[in-house]
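There are 2 protein chains.
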Amino acid sequence: MDLLELVSSNKIFGGLQKVFSHQSTELTCKMNFSVYFPPQAEGGDVRLPVIFYLSGLTCSEQNFISKSGFQRYAAEHGIIVVGPDTSPRGVKIPGDDESWDFGVAAGFYLDATKDPWSKNYRMGSYVNKELYDLILSAFENVVDIDRIGIMGHSMGGHGALTSGLRNPGQYKSISAFAPICNPSACPWGVKAFTGYLGEDKSKWVEWDATELVKKYDGPLLTLLIDQGAADNFYIQKQLMPENLVEACRSVGMPVILNLREGYDHSYYYISTYIGEHFDFHAKILKA
Amino acid sequence: MDLLELVSSNKIFGGLQKVFSHQSTELTCKMNFSVYFPPQAEGGDVRLPVIFYLSGLTCSEQNFISKSGFQRYAAEHGIIVVGPDTSPRGVKIPGDDESWDFGVAAGFYLDATKDPWSKNYRMGSYVNKELYDLILSAFENVVDIDRIGIMGHSMGGHGALTSGLRNPGQYKSISAFAPICNPSACPWGVKAFTGYLGEDKSKWVEWDATELVKKYDGPLLTLLIDQGAADNFYIQKQLMPENLVEACRSVGMPVILNLREGYDHSYYYISTYIGEHFDFHAKILKA
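Protein sequence lines, in the order shown, are assigned to chains F and R. Residue numbers for the first sequence follow the numbering used here, beginning at -3 and rising by one. Residue numbers for the second sequence follow the numbering used here, beginning at -3 and rising by one.
Okay, chain F solo, but in the shape it has when bound (with noise of 0.2 Å):
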């Protein structure tokens, strides 16, 4: 705990809303982080589940902690919640803060090979590697090993299933919120793997969900995808589920898409059906 820094601490749905800050020695500088601990976690004498959360595009770790509304289910079904940063911080690579979509807040969860971001974007191993163990040792009284989940909205949600699909076992569940499904056939996504990962779209494939299904043999897993139907990057195909789902049916990989009319990207519509989410979750973790 020495290499936490508490950065603020809220009681909320009779737990405690948590943001550390810490030296990432993946991403070379510091970064913060939340964590939500349910009244359950107060004592420490049990083990939780985890559900690791990552976030979307301009996003940091506040926009899930204070507009989802997720402490009311994690309360109920007594889940620590862990919230990462969705890029390195105040590294300072020329033309990081340029667009919205590449560099600050929006380091896509994957390791970049190409100069100048291969320092420092590697948000892929941060998040799977040096968060996931940091987790696990600092609160190694209250997490339970053995049942630990991860979410996502959007960029987040290309993480979540990266994330789950590279490292087979590691993640008992998977959901998304109106993930990017197929980055390399999209415009955010391209923008990012040319960026992050250079030209060579081979390399692609490693860090693209609809690529990563088709691959995929480790446990059973059945993925969940939530998708407003009048969200604007769904409608103008950045997100793509459709993809997902027919790779996932290609190798009998089982999915859920639900489809959610009128609904569109914003925290409103995540914050309507994070419960289901919770549920799907626990159903797994707490099975």
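Just so you know, not all the hints are guaranteed correct.
The list treats identical chains as interchangeable, and a pair is accepted whether it falls inside one copy or across any two copies.
[What the hints assert, rightly or not] Pairs of lysine-lysine residues, derived as DSBU-like cross-links and limited to a Cα-Cα distance of at most 30 Å, are as follows:
no., residue 1, residue 2
1, Lys211, Lys282
2, Lys14, Lys233
3, Lys187, Lys88
4, Lys63, Lys14
These aren't lab readings, by the way, just hints derived from the structure by calculation.
Put chain R on the given structure of chain F with help from the hints.
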């Protein structure tokens, strides 16, 4: 409806969270306000109860609609919820942006009498006359004029209490989160009242809930007051709910004071108990 401009509309919990703007005659500026229409409002063949929600210092109409999670409960109960902004905007009075607790976003829901504030800073009449009448006329097909309540937070809790007590019968149900209960006796209130109303304290009692309770003689009211015990502003005696409770007891007005162990002044706290407040209002408004 011609006078209303739709700023945004987002589907949440089956209803629509809208923000409108309009030109206010009381404040002589353009103002935003929010309206949540629960799913029961669709079709417009049933008149629903309405709750006005008044926000606290530094807030706009956005904080409550994005952070409290109230829409879940409004949808469950079938209640329309209206949220005004917290002060005139863009009127550019010298000194209006020098403090976070006076001027912009700090209108205190009163009618200023002192220059240069008296022309624009008329939030009392704006909320209780202009906006109230606007809601009743613009949405007359879905609003039940006989079932209107009011609630608020901090400065807006003061606003809810004074609005209800100054206008007997206009609001059937009143509740407040961490309200400024006795502004004449706390630093925030003394600063605001001196600035907006002048030095003559005999004028202050007209806008002080603890004083207004003592001379209230309208229909029976029960005040629901919620207060986080770890709220720094409570500890620093900016809020003083005990003074309000004492005044209620002295005149026999029913009051409920719920002190919440460990909770602070934030929307994390409000989101935890907003459901209980909707239950309270629904019990009265739907009786």
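(request) Tell me, in ascending order, the numbers of any earlier hints that this structure violates. (result) Going through the list in order, the structure violates no hint and respects every one.
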